[in-house]
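Asks: Going down the list, the sequences are from chains A and B.
For the first sequence, my numbering gives the first residue as 44, with consecutive numbering after it.
For the second sequence, my numbering gives the first residue as 4, with consecutive numbering after it.
Since the hints were derived computationally from the structure, they do not count as laboratory data.
The C-beta atom is built at its ideal place from N, Cα and C for all residues, glycine as well.
Among the hints, a few may not be true.
[Claimed, not checked] In silico PhoX-like cross-links for lysine-lysine, where the CA-CA straight-line distance does not exceed 25 angstroms:
1) B:K317 <-> B:K109
2) B:K166 <-> B:K317
3) B:K149 <-> B:K88
4) B:K207 <-> B:K262
5) B:K464 <-> B:K392
6) A:K130 <-> A:K241
7) B:K39 <-> A:K399
8) B:K25 <-> A:K404
9) B:K213 <-> B:K317
10) B:K174 <-> B:K300
11) B:K332 <-> B:K149
12) B:K262 <-> B:K213
13) B:K464 <-> B:K574
14) A:K155 <-> A:K169
15) B:K166 <-> B:K547
16) A:K316 <-> B:K573
17) A:K203 <-> B:K392
18) A:K404 <-> A:K316
19) B:K109 <-> B:K332
20) B:K25 <-> A:K399
21) B:K149 <-> B:K109
22) B:K547 <-> B:K317
23) B:K574 <-> A:K316
24) B:K211 <-> B:K174
25) A:K203 <-> B:K464
26) B:K207 <-> B:K174
27) A:K399 <-> B:K30
28) B:K317 <-> B:K262
29) B:K39 <-> A:K316
30) B:K30 <-> A:K404
31) B:K573 <-> B:K457
32) B:K332 <-> B:K174
33) A:K110 <-> A:K169
34) A:K203 <-> B:K457
35) B:K213 <-> B:K174
36) B:K39 <-> A:K404
[Stated by the list, open to error] With the Cβ distance kept under 8 angstroms, some of the chain A side facing chain B (calculated, not the full set):
37) G222
38) P294
39) Y302
40) L322
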Amino acid sequence: MTALYFVTLAILVAAAFLIGRQRAQSLITAGAPSLHSLPSYHGMLPMAAVLVAMLLTYAIGTTVVAKYAESSALAVLGAETIADPLKRSAGLRDIQNIATGKHSGEPSALLKDAAQQFASASAFGKWVVYGLGSLLGLIGMGYFISRISPVYRARNIFEKLILVIMGICATVAILTTIGIVFSVLFETFRFFFDPALKGRPTVSQFLFGTEWNPQAALRADQGDIKTAFGFVPLLTGTLLITTIAILVAGPLGLFSAIYLAEYASPRFRAIAKPILEVLAGIPTVVLGFFAALTVAPLIRGWGEQYGLDVASESALAAGLVMGMMIIPFISSLSDDVINSVPQSLRDGAYALGATKSETIKNVILPAALPGIVSAFMLAISRAIGETMIVVMAAGLAANLTANPLEAVTTITVQIKTILVGDQEFDSAKTLAAFALGFVLFVVTLILNVIALQVVRRYREQYD
Amino acid sequence: MTDIAGTDGPAFRLDMTSDAAKRRIRKRYAAEARFKAYGLAALAVTTLFVAALVFDIIRNGIPAFTQHSLMMDVAVPADFVPADKRSNPVAIRSADYFPVTRDALKAAIPGIQSRQGERTLVRLLSSGAADELRDRLVADPGLIGKTVRVPLLLSDDADLYFKGSGTPIIKRNGVGTATPSGTTGEITILTSSNDFAAEVVAIKQAAKAKADTLAIEAARLATFGGQSLAPRIAEINAEIAELRARVDSPKVEEVLDGKLPSKLVEINGGLVKLTRLTDISVAGEVLLPLTSAAEAKPGNWRVVTYATPESNRKVSDLEIGYLERLREKGFVENRFNTRFFTAGDSREPELAGIRGALIGSLLTLAVTLVLCVPIGVLAAVYLEEFAAKNRLTDIIEVNINNLAAVPSIVFGLLGLAVFLNFFNFPRSAPLVGGLVLALLVLPTIIIAARAALKAVPPSIKEAALGVGASHQQAVFHHVLPLAMPGIMTGTIIGMAHALGETAPLLMIGMVAFIVDVPGALTDAATVLPVQIYLWSDLPEQAFKLKTAGAIMVLLGFLFLMNGAAIYLRKKFERRW
Numbered sequence: 044m045t046a047l048y049f050v051t052l053a054i055l056v057a058a059a060f061l062i063g064r065q066r067a068q069s070l071i072t073a074g075a076p077s078l079h080s081l082p083s084y085h086g087m088l089p090m091a092a093v094l095v096a097m098l099l100t101y102a103i104g105t106t107v108v109a110k111y112a113e114s115s116a117l118a119v120l121g122a123e124t125i126a127d128p129l130k131r132s133a134g135l136r137d138i139q140n141i142a143t144g145k146h147s148g149e150p151s152a153l154l155k156d157a158a159q160q161f162a163s164a165s166a167f168g169k170w171v172v173y174g175l176g177s178l179l180g181l182i183g184m185g186y187f188i189s190r191i192s193p194v195y196r197a198r199n200i201f202e203k204l205i206l207v208i209m210g211i212c213a214t215v216a217i218l219t220t221i222g223i224v225f226s227v228l229f230e231t232f233r234f235f236f237d238p239a240l241k242g243r244p245t246v247s248q249f250l251f252g253t254e255w256n257p258q259a260a261l262r263a264d265q266g267d268i269k270t271a272f273g274f275v276p277l278l279t280g281t282l283l284i285t286t287i288a289i290l291v292a293g294p295l296g297l298f299s300a301i302y303l304a305e306y307a308s309p310r311f312r313a314i315a316k317p318i319l320e321v322l323a324g325i326p327t328v329v330l331g332f333f334a335a336l337t338v339a340p341l342i343r344g345w346g347e348q349y350g351l352d353v354a355s356e357s358a359l360a361a362g363l364v365m366g367m368m369i370i371p372f373i374s375s376l377s378d379d380v381i382n383s384v385p386q387s388l389r390d391g392a393y394a395l396g397a398t399k400s401e402t403i404k405n406v407i408l409p410a411a412l413p414g415i416v417s418a419f420m421l422a423i424s425r426a427i428g429e430t431m432i433v434v435m436a437a438g439l440a441a442n443l444t445a446n447p448l449e450a451v452t453t454i455t456v457q458i459k460t461i462l463v464g465d466q467e468f469d470s471a472k473t474l475a476a477f478a479l480g481f482v483l484f485v486v487t488l489i490l491n492v493i494a495l496q497v498v499r500r501y502r503e504q505y506d
Numbered sequence: 004m005t006d007i008a009g010t011d012g013p014a015f016r017l018d019m020t021s022d023a024a025k026r027r028i029r030k031r032y033a034a035e036a037r038f039k040a041y042g043l044a045a046l047a048v049t050t051l052f053v054a055a056l057v058f059d060i061i062r063n064g065i066p067a068f069t070q071h072s073l074m075m076d077v078a079v080p081a082d083f084v085p086a087d088k089r090s091n092p093v094a095i096r097s098a099d100y101f102p103v104t105r106d107a108l109k110a111a112i113p114g115i116q117s118r119q120g121e122r123t124l125v126r127l128l129s130s131g132a133a134d135e136l137r138d139r140l141v142a143d144p145g146l147i148g149k150t151v152r153v154p155l156l157l158s159d160d161a162d163l164y165f166k167g168s169g170t171p172i173i174k175r176n177g178v179g180t181a182t183p184s185g186t187t188g189e190i191t192i193l194t195s196s197n198d199f200a201a202e203v204v205a206i207k208q209a210a211k212a213k214a215d216t217l218a219i220e221a222a223r224l225a226t227f228g229g230q231s232l233a234p235r236i237a238e239i240n241a242e243i244a245e246l247r248a249r250v251d252s253p254k255v256e257e258v259l260d261g262k263l264p265s266k267l268v269e270i271n272g273g274l275v276k277l278t279r280l281t282d283i284s285v286a287g288e289v290l291l292p293l294t295s296a297a298e299a300k301p302g303n304w305r306v307v308t309y310a311t312p313e314s315n316r317k318v319s320d321l322e323i324g325y326l327e328r329l330r331e332k333g334f335v336e337n338r339f340n341t342r343f344f345t346a347g348d349s350r351e352p353e354l355a356g357i358r359g360a361l362i363g364s365l366l367t368l369a370v371t372l373v374l375c376v377p378i379g380v381l382a383a384v385y386l387e388e389f390a391a392k393n394r395l396t397d398i399i400e401v402n403i404n405n406l407a408a409v410p411s412i413v414f415g416l417l418g419l420a421v422f423l424n425f426f427n428f429p430r431s432a433p434l435v436g437g438l439v440l441a442l443l444v445l446p447t448i449i450i451a452a453r454a455a456l457k458a459v460p461p462s463i464k465e466a467a468l469g470v471g472a473s474h475q476q477a478v479f480h481h482v483l484p485l486a487m488p489g490i491m492t493g494t495i496i497g498m499a500h501a502l503g504e505t506a507p508l509l510m511i512g513m514v515a516f517i518v519d520v521p522g523a524l525t526d527a528a529t530v531l532p533v534q535i536y537l538w539s540d541l542p543e544q545a546f547k548l549k550t551a552g553a554i555m556v557l558l559g560f561l562f563l564m565n566g567a568a569i570y571l572r573k574k575f576e577r578r579w
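The following block holds chain A by itself, in its conformation from the complex (with noise of 0.2 angstroms):
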């Protein structure tokens, strides 16, 4: 059904386009006014309508197709199922599975009954849809045939929808934020004030509460158990590990940057370059990989050799390995910043007297000061945001502590580990890993915005 659908789809559009450009091309004759068009464009103008009428009555009619095929069937089960919502899930789903032929067993006469009126309404539906984008594309392609004339405007409607067109792709970055927004703030709303939700917290529980257990809530009938949602130990155990990152990544990703930009010949960077490079393409699982199978051993075998007890998912690990991962962010951001310290700077520098070290501490670093610590601002966003490496190499234990030897967990390791595996939607436990994407993304969200701000303002400075 789909396939025919396209297919004529494909049939329509082609025609559009050729007949619309014949008819036009017919109209170039000696001694006739001349087109304000091209005859491409009285040929794309049709087929743009032929697209947009079918495509969208597909995307409209399926929807609603699937609808009415459902709430059919579902009127043969009868209204005592429609209204419970856990067996109208089940009963959807068996119907469906009847339909495609994957139920196991031998169904119940009202299942096969209501399957069959599944069947048939969508079958019915999809027929419908089918003769309605047929005639809706015929209509679109006779209308705009029937218009071709020498003065006919087809390349500027053209050009509009193809404005409109490009206008809509440009707000999908918008509609993105929007939908993050609001699918994260929706359910953090709920988290906190659903009153049908048992065991939420308060917000001030949420903030400022020390221990965090969402285990116990599995299920919203559990509301006994004792659960916490206390979100400090993970904003701890992400601020641990994140300093530890930058600890590492700081020193090492700055002294590089300076390193390539004022010391190394072309020869030594084109080397050099590309090895960072390499680090920032590794996908971080496969450092998270690493972490967890040669890091954390090498650091636990180590901590035994001084008497230290390690923990087998000791924040260091993920510490370390995370730093790995931002040096080339705050490398290759602040060898651009000091690359852009006008020269006359150094010149000056130089003039004094000054070593090329005294030059860089005293005059190179305070002048790009702004752009260093932009990348390290946008550093510590991605760290934070960081998932793989910790879900890997971190622990899963909520502890409230500032010893890196021990295993720490945060922010994105919880909401991973609430959310993977089945859900449920109305679970305080599952809402409280969309709470938490919400802390993340308006943290993160903050430190980028902080970082973009700093850069602009000192871009001014040297123009």
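Based on the hints, put chain B in the right spot on chain A.
Replies: Just chain B now, kept in the frame of chain A:
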């Protein structure tokens, strides 16, 4: 402040020759050298890290591309599949291959009588050992009733043993003449010389060394204090006491257990695992039967040591005995692991492959590509060429920059809440994965495309406008084609990013254990990075190698994609 043009007071003179000045300069130059060294050191550490990472992955990953099998002559009985059903592939496929492979293996190592020994022998083979034989028979039913030479896949533990994770084996020729008391079961062996004195001493030394390490561990634990460690310390102390008593006892008889290196005797074509030994006689259990109980002359029998204690390795002494015997007889072959690229996921490490994940990645990336290239390019063209400079455009621009820095897991939350929960799209499907990744890489592509469009000099567009092209004609016919190499480079880099992305796909359920290779956009599927994550979580050592192997494949693809991007940039880069 130095007074340069000193008008009143003594004129300032820069003293360059005094010792103090020279010291100052030396200090400054030293600081300069130090600073430069810091920079070099930072680069060296980073390089070292990358090298360690790559080396570690390759070292672990290379063995995943080969697999050990037993090349054996398997006799397929004539009644294996009834003659009238041989044209039916299903009948051949569903036949019971286990007895056939078992018999082939038993023929290779004859004389095993105990049920336990037989079971251990059969377990050396993978549960998919007969797959190759099955494929052969399906392809050529005429082979039924004949003897077929096929590789039988070994289990993951046996495979790992041959890949070197077993134990060092030390062999020493016997000095005296040894006389076994039997050929099977529990036997004793007497030698004419005190062949085992050294072993007894070695065992005592090993026990002493172990007691010492345990004592250090106990002392370390004691420094932590705390009630929770007390039982563990008591346990260790008991073990130390036991070991010390053993070292101090004057008895010349030593009893072997799984915590000490295993001692075996190779004699008369058989293998005896020692359980008790004195200087001149040993008692043990026959692992591989002896051909006779005749006495063996010096040099014709050997004392064998498996240096890793049995409790510390995955393969038992019996299994090592069988595997070494199979290797001696030349059955073991190391072959390229084609299954790694042709099979889906499996719970058995030796049967698991990455094909499902590769196809899943391919489908997901196809969706991403189809969505994000047109949308990204059109959005970039709009913002760069057509958008009015107003508040809305400003907001869109800031928005795109911010979206590029939103953590990827947040995109997963969006996919979960919007695509799965609101639109009821199927879980685990490449369609949804592709949608989420498209939103994720869209900002990257828009930013890259805008930069490429900006790099095209305005004179091109102006010339087109000058000869009467409309604004859109000028952009789509002239500016965009010139910006295409840059856009392609950005797209490839964005796709490479999408290929390596894991976290958002975990959110939308692409982490399920999926055996089947996905065939459609709505089938349940997983992708390569998620497969890596799943395998890295499994306890089997063999999966660790598979993980590294899969990482090598992933990095290989990323390398190719980035290489293509660099090539495009180099080839079409144009300075205006």
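Asks: Work down the list of hints and note, for each, if the structure agrees.
Replies: Outcome of the hint check:
no.	hint	in the structure
1	B:K317 <-> B:K109	holds (22 angstroms)
2	B:K166 <-> B:K317	holds (13 angstroms)
3	B:K149 <-> B:K88	holds (17 angstroms)
4	B:K207 <-> B:K262	holds (13 angstroms)
5	B:K464 <-> B:K392	holds (19 angstroms)
6	A:K130 <-> A:K241	holds (22 angstroms)
7	B:K39 <-> A:K399	holds (9 angstroms)
8	B:K25 <-> A:K404	holds (22 angstroms)
9	B:K213 <-> B:K317	holds (21 angstroms)
10	B:K174 <-> B:K300	holds (16 angstroms)
11	B:K332 <-> B:K149	holds (22 angstroms)
12	B:K262 <-> B:K213	holds (10 angstroms)
13	B:K464 <-> B:K574	holds (23 angstroms)
14	A:K155 <-> A:K169	holds (21 angstroms)
15	B:K166 <-> B:K547	holds (13 angstroms)
16	A:K316 <-> B:K573	holds (16 angstroms)
17	A:K203 <-> B:K392	holds (18 angstroms)
18	A:K404 <-> A:K316	holds (23 angstroms)
19	B:K109 <-> B:K332	holds (13 angstroms)
20	B:K25 <-> A:K399	holds (18 angstroms)
21	B:K149 <-> B:K109	holds (18 angstroms)
22	B:K547 <-> B:K317	holds (15 angstroms)
23	B:K574 <-> A:K316	holds (20 angstroms)
24	B:K211 <-> B:K174	holds (23 angstroms)
25	A:K203 <-> B:K464	holds (19 angstroms)
26	B:K207 <-> B:K174	holds (20 angstroms)
27	A:K399 <-> B:K30	holds (14 angstroms)
28	B:K317 <-> B:K262	holds (13 angstroms)
29	B:K39 <-> A:K316	holds (17 angstroms)
30	B:K30 <-> A:K404	holds (16 angstroms)
31	B:K573 <-> B:K457	holds (18 angstroms)
32	B:K332 <-> B:K174	holds (18 angstroms)
33	A:K110 <-> A:K169	holds (12 angstroms)
34	A:K203 <-> B:K457	holds (23 angstroms)
35	B:K213 <-> B:K174	holds (23 angstroms)
36	B:K39 <-> A:K404	holds (12 angstroms)
37	G222	holds (5 angstroms)
38	P294	holds (7 angstroms)
39	Y302	holds (3 angstroms)
40	L322	holds (5 angstroms)
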